[in-house]
Structures are given as structure tokens and as C-alpha cells.
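Can you build the whole structure from these sequences, using the hints too?
Protein chains: 2
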Amino acid sequence: MLHMFQSKFIHGVILFSSSVLFGLSNAHAEDARISNPIAIAIHGGAGTISKENFTPEQETAYRNKLKEAVDRGYLVLQQGGTSTDAVIAAIQILEASPFFNAGVGAVYTYDGEHELDASLMDGKTLEAGAVSGVKHVSSPIALARAVKDKSPHVMLSGEGAEEFARQQNRPMVENSHFDTPHRKLQLDKAKQKLNKTEAETDIKSAYQTLPTNFKYGTVGAVAVDKFGNLASGTSTGGMTAKRFGRVGDSPIIGAGTYANNDSCAVSATGHGEYFIRYHVAADICARMQYQDIPLAQAAETVVNQVLVDAGGSGGVIAIDAKGNISMPFNSKGMYRASRKQDEPAYVAIFKTE
Amino acid sequence: MLHMFQSKFIHGVILFSSSVLFGLSNAHAEDARISNPIAIAIHGGAGTISKENFTPEQETAYRNKLKEAVDRGYLVLQQGGTSTDAVIAAIQILEASPFFNAGVGAVYTYDGEHELDASLMDGKTLEAGAVSGVKHVSSPIALARAVKDKSPHVMLSGEGAEEFARQQNRPMVENSHFDTPHRKLQLDKAKQKLNKTEAETDIKSAYQTLPTNFKYGTVGAVAVDKFGNLASGTSTGGMTAKRFGRVGDSPIIGAGTYANNDSCAVSATGHGEYFIRYHVAADICARMQYQDIPLAQAAETVVNQVLVDAGGSGGVIAIDAKGNISMPFNSKGMYRASRKQDEPAYVAIFKTE
Numbered sequence: 095m096l097h098m099f100q101s102k103f104i105h106g107v108i109l110f111s112s113s114v115l116f117g118l119s120n121a122h123a124e125d126a127r128i129s130n131p132i133a134i135a136i137h138g139g140a141g142t143i144s145k146e147n148f149t150p151e152q153e154t155a156y157r158n159k160l161k162e163a164v165d166r167g168y169l170v171l172q173q174g175g176t177s178t179d180a181v182i183a184a185i186q187i188l189e190a191s192p193f194f195n196a197g198v199g200a201v202y203t204y205d206g207e208h209e210l211d212a213s214l215m216d217g218k219t220l221e222a223g224a225v226s227g228v229k230h231v232s233s234p235i236a237l238a239r240a241v242k243d244k245s246p247h248v249m250l251s252g253e254g255a256e257e258f259a260r261q262q263n264r265p266m267v268e269n270s271h272f273d274t275p276h277r278k279l280q281l282d283k284a285k286q287k288l289n290k291t292e293a294e295t296d297i298k299s300a301y302q303t304l305p306t307n308f309k310y311g312t313v314g315a316v317a318v319d320k321f322g323n324l325a326s327g328t329s330t331g332g333m334t335a336k337r338f339g340r341v342g343d344s345p346i347i348g349a350g351t352y353a354n355n356d357s358c359a360v361s362a363t364g365h366g367e368y369f370i371r372y373h374v375a376a377d378i379c380a381r382m383q384y385q386d387i388p389l390a391q392a393a394e395t396v397v398n399q400v401l402v403d404a405g406g407s408g409g410v411i412a413i414d415a416k417g418n419i420s421m422p423f424n425s426k427g428m429y430r431a432s433r434k435q436d437e438p439a440y441v442a443i444f445k446t447e
Numbered sequence: 095m096l097h098m099f100q101s102k103f104i105h106g107v108i109l110f111s112s113s114v115l116f117g118l119s120n121a122h123a124e125d126a127r128i129s130n131p132i133a134i135a136i137h138g139g140a141g142t143i144s145k146e147n148f149t150p151e152q153e154t155a156y157r158n159k160l161k162e163a164v165d166r167g168y169l170v171l172q173q174g175g176t177s178t179d180a181v182i183a184a185i186q187i188l189e190a191s192p193f194f195n196a197g198v199g200a201v202y203t204y205d206g207e208h209e210l211d212a213s214l215m216d217g218k219t220l221e222a223g224a225v226s227g228v229k230h231v232s233s234p235i236a237l238a239r240a241v242k243d244k245s246p247h248v249m250l251s252g253e254g255a256e257e258f259a260r261q262q263n264r265p266m267v268e269n270s271h272f273d274t275p276h277r278k279l280q281l282d283k284a285k286q287k288l289n290k291t292e293a294e295t296d297i298k299s300a301y302q303t304l305p306t307n308f309k310y311g312t313v314g315a316v317a318v319d320k321f322g323n324l325a326s327g328t329s330t331g332g333m334t335a336k337r338f339g340r341v342g343d344s345p346i347i348g349a350g351t352y353a354n355n356d357s358c359a360v361s362a363t364g365h366g367e368y369f370i371r372y373h374v375a376a377d378i379c380a381r382m383q384y385q386d387i388p389l390a391q392a393a394e395t396v397v398n399q400v401l402v403d404a405g406g407s408g409g410v411i412a413i414d415a416k417g418n419i420s421m422p423f424n425s426k427g428m429y430r431a432s433r434k435q436d437e438p439a440y441v442a443i444f445k446t447e
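Residue numbers (the numbering used here), protein chains in the order written: chain U, 95 to 447; chain S, 95 to 447.
Heads up, some of the hints might be wrong.
Since the list gives no way to pick out one identical chain from another, each pair is judged satisfied if it fits inside one copy or across any two copies.
Below are the DSS-like pairs computed for lysine-lysine, each with C-alpha atoms no more than 30 Å apart in a straight line [to be verified]:
hint: 1; residue 1: K145; residue 2: K445
hint: 2; residue 1: K290; residue 2: K426
hint: 3; residue 1: K283; residue 2: K434
hint: 4; residue 1: K244; residue 2: K229
hint: 5; residue 1: K426; residue 2: K445
hint: 6; residue 1: K298; residue 2: K287
hint: 7; residue 1: K229; residue 2: K145
hint: 8; residue 1: K298; residue 2: K229
hint: 9; residue 1: K287; residue 2: K244
hint: 10; residue 1: K298; residue 2: K416
hint: 11; residue 1: K229; residue 2: K416
Source of the hints: derived by calculation from the structure; they are not laboratory data. Note that the structure is a prediction, hence the values are computed from the model and not measured.
Set out below in C-alpha cells:
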């Protein structure tokens, strides 16, 4: 007991002395916090992902891409970059890959186009940016950042969001830039099924008959930087055969994305409608903060109790300021990876690994 | 003490006996809960609303309209209707009135149009519906209900939402249906100010110079019905001179609207960007549930501490399953009214009344 007191006392004296001696400014004080452990986690979507659906080569290719993305984000953190920079760097690797439902490889809408959603949140300032229904922006997550930094708003949608993108000189592409043959095949299958069941029933019931894999697919990242600041981001093409300008949870701050230094940073992937109604990302942060429970307990409760009871399938990646990571999901698999200071990267796809 | 015990015991015996004698089904069991006190609260927006800005006639007209809306919703509850029906009935009175920023009387976008947002949530089922950026739907709150009940999605936007509205045979109108001269004047003033400051600075800073009254205005209602079920709804024209398909907090489940029988129902009105970042409606419910604190304490903390610290002006109306009502705001005034079982209607505009 005496030892503890002495230790704290000595520590206090040293901190006080160095402040006086070197006249620490706020910026220097922040630099002094570089001892905060850096960490990052990413996901490439959850769903009925089983080992038998992959050739060994395909599985390796997915794992390599997840590793590339988590390493890219980690490198940003290692070089002293912010958690926001790391989140964007990792997500842009996944947006550019045809493997995941974001950017290139995004699913098709009912009308045969791609409408992309993304959001980003800074856990230190609680500033956020989100876009929904953009069709010609090469990196939706980068546009979400521009909304956060350069617009007076948090969320922009559709053609208005694209007008803002052009004003901000964001790289623009044709909608066909996001085309992939395997997603086109998914759309054809979904429409065939929808047209058949819609003839017999109503739109709502028809969509409920779609296999869950048609209902989601998202990419996201969460990180903590050397300053102890959290950030979270999510990017997606939404739901296959979505209609009527459907907005899922990914661009909804509180549902698909949330970050607050006082609790945690979360990026979600799953059947978006449930994730909105249960405001999943913010609820995990709220439980951690208000119930004073660890990150893993909060994330597990929401994903494997609340969402399971409600019938909402999917998962989340979550991180706290200490670098604790939790990646629960209630589906068969979730493309995921994480990397922490002084530890090798963890890359996984299936339930038990 | 003995008396209390006896009373509870007798009550239990009677309930038990009647269940056995009449073989109560679930539906009858719900009917048996008609003792739940009914209550409703509404708002017509918060802002720098001061007595000196009203003629006595104007003030009376506003109060009469608030009274009409709260009475209409209360009548629905009194006649045994659901909280959802009551919320919609009250909001539709406010949408049809030129006094409030929703439906007729909605503010103008930068491009001189009206883009309307609304959302609705059922606290029993946690089902929700939301629309953003609709231009030709006469009652956005009724469309939000159709999204909840008839679509496979929670949130629809823009032209897609209108396509859904037409499919559902919702009444459609010209955009000019929502025109009012006083809102046009507000747009002209806002654009004059924006064009001047944008020449000197950037878009973000320019919008920050707009008076707070240009940043919001919303209508909403929360209610509890005789079954003890909560509902919440919000409808708005958004922010004067909004651009780029801006989406505010009103159609965001968790930000502008939330309802959960386990905690409370909330409808918010204020500077939407802050209400999204602080996921205000769901946060009030989360604090009540996870911190086990009364409704008023949760609502007051979020509106008068969290939002004030962040610089986010506005207010909320909130109700719990016992019929407790809280209507805190941190602005000069908030158009508001409430009515509880066996109590006269309360109608107020300014801070101290």
C-alpha cells in the first residue's frame, strides 16, 4: 500500500517537473500520450459464409485481401497517423476490391445500378459525415470524410451529394465502374425470385423470401491511434435488388457507424433494417458507457442476444480506447481482420477460427 | 402494511378468478390493460421564439393550432385508438398548418423547392418507417407509416420514396402546395447572407453564420395508448436553404425519433446535425433504461447538459409508458402541448410558462 502511494507520488512529481521544465503545450501534451496502444479491426461483411463455398484459391485470395487492408490501416497508425486516416486507408482497399459489397463489387439495385452509402465518425470530436445513394463517386468513404470536414451538414443524399462531390473535386466515375459479373448474377436471381413471389403476395413479403445473403454485405473499419482517439467508418452497396431509394444502416450514424472516445467505435454489417431499429452501433457504446461493462460484453449482448431475439442477422467490429477489440457475429461467417501493437495480424472468415 | 398486502392479495385473486372463469385470450388480456393512463405530447419546433415577436392575435392563433393538434391526438387515444394513430392524427394537423416547418409551411431548399422528411416508430414492435427528400407527398408522416407497414425497408429516399408512395396510392401534390410567402422571404434572406459570406469564406463557415432559426423547425408527437404502447413521430421541411440533398435528424431513427416500450418515446427538434451526432432520441431512451433513471432526468441531461456543452440547440418531447411527459429545450422557446388522462390540455410557447 505504501509502495503504491510512493509510486504514484513519484510519478506525479516527474510529470509535474517535466511540464515545468519543458513548458509542455497542448500539442506536446498530446505527443506525450504516444504510449496509447494502436489497434485496428476491419470487416468485409457477414452472412451465410461456409468453407464449402470456397475453393482453396478463393479462400486464400479473400484472406490476402483482408490482410492487405488491415496492414494498410495499421501502417498508417504505426507511422503516427490518426485513426480516421487508418480507417479510410483500410476501407479504400476493400472498396477497390471486387470481393466485397462496397465500391467495385457493390450489389445492384432493382433497376440494375449501384447506389452507394458510407459514413465516418470521429470519436474525439463526435464529428461525422455520411452519404447515401451516390452513383458516380469512386470512394464513398472519402466523400463521407469530405462531408464531415467541408460541409455544414452530417448527411447528404443522392444527386445533391454528388453535386457536393464535384464541388470538392472528388474523383468521379461511370456507374459501370462498380460492375462485376457475379453481382449481376445475384441481381438476376433475386429479381426472378421477387417477380415470382410478388405476383402471389406483396412487396414486403416477397423481399422476406430472399436468402439472407442478398440482404447485406458491407465493409468497415474501426481504429484507435497513438493519441487514444477512436474512429469508425462503413461503406456499402446496400441490399441486392433494393428499391425506392432504400437507405440501409451503413450511412446512419448510430446504426451502422458510431464512435465516441468515452466508450467505443463500432462498424456494423448485417440486415440493415434491424440495425437501424436497434440503433446497433450507438447502443453498444451506450451500454458500455451507462452500464459500465467491458466492450466485449456490450457487443456480444447486442449481437448475440438483442439482434438474435429480434431476428436480425449480422455482426459488428468494435474497439475501445485501450485497444480492446470485439468482433461478434450471429451469422455463419464474417470476413474480418484485426491487428494490435506487437501482435501479428488476425485474419478470419468462418465461425470457429 | 397489512392493508396493502390484503389489497394486493384480493386484487390477485380477482384477476386469477376472472382469467379462469372467462378463459382470457391474449387479446382479452390486452383489453384488460385499459387501465393504462393515456397521454400525448406534441411539438411544433424550437428556436429563438420570444413573446415580443408575436402580435396577441398571432400568439392566440399558434396556441389554438397546438391545442387543436393535441386534442385531435388525445381524442384518438380516448376512443381506444393506438398511440401510432394518435401520433399521426396530431402530426397531420401540424403538417397542414402554415405555422410550422412541416408539410404546408415547410422551409425552402437552396434551389427554391421543398424537400420533406419524416419518420415514425412503434415502441411495442420497434418497427419503424422513414422517408427523406420527398417533394410531392401531401403527408410525409403518413408515407413514413406506409414504409413501416408495407415496405421491406425502414428508410426510403428521394424519387424512390415517391415511386413507393404512388404504388401505395398515397395522395400526391405539386411541390408548390407547400409554398408560403413567409418561408420564401426566409430563403431570400438566407441566400443573401450565404452568397455574401461564401464569397469571403467556405460553405461550411458560411452556413455557420446563419441565425439559428434558419437551421431548424420540425413538428412531432409522442403518445402512450390504453394498452401501454408507445409511439413517436416527426415531420419536417428541414433547414432553410439546405443543399446537396441534406438529410437532417428527423428521418433518422435514433436521432430525431425513437420509441421503445421498455424505456420511452421521443421526438426531437433542433439543429439536426447535432441531434444526429449525439443520437439524441435513442440516447434519452438508453439512459433511462441502462442507468435506471426517470424520464425527465434522462431528457433533461441530454438536452440541457450534453447538447448545451456541444453547442446543439433545440429540444425534445418525451413520454414513458406510465404517461410521464418531459419537454425540455435549451432554446428560447418551443411550440409544445400535452394532454393526460383527467387533466386539461397544457399549451405553451415560451420558456417560463
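Against the structure, the hints come out as follows:
1. K145 with K445: Intra 10 Å, inter 63 Å, cutoff 30 Å: intra-copy only.
2. K290 with K426: For K290 and K426, the Cα distance is within 30 Å only inside one copy (28 Å; across copies 56 Å).
3. K283 with K434: neither (41 Å within a copy, 53 Å between copies)
4. K244 with K229: Close inside one copy (20 Å) and across copies (27 Å); limit 30 Å.
5. K426 with K445: within (6 Å within a copy, 54 Å between copies)
6. K298 with K287: Intra 13 Å, inter 46 Å, cutoff 30 Å: intra-copy only.
7. K229 with K145: neither (33 Å within a copy, 48 Å between copies)
8. K298 with K229: both (25 Å within a copy, 24 Å between copies)
9. K287 with K244: Between copies, since 19 Å is at most 30 Å while 43 Å is not.
10. K298 with K416: neither (43 Å within a copy, 33 Å between copies)
11. K229 with K416: Close neither inside one copy (38 Å) nor across copies (47 Å); limit 30 Å.
In this structure, the earlier hints numbered 3, 7, 10, 11 are contradicted, and the remaining ones agree with it.
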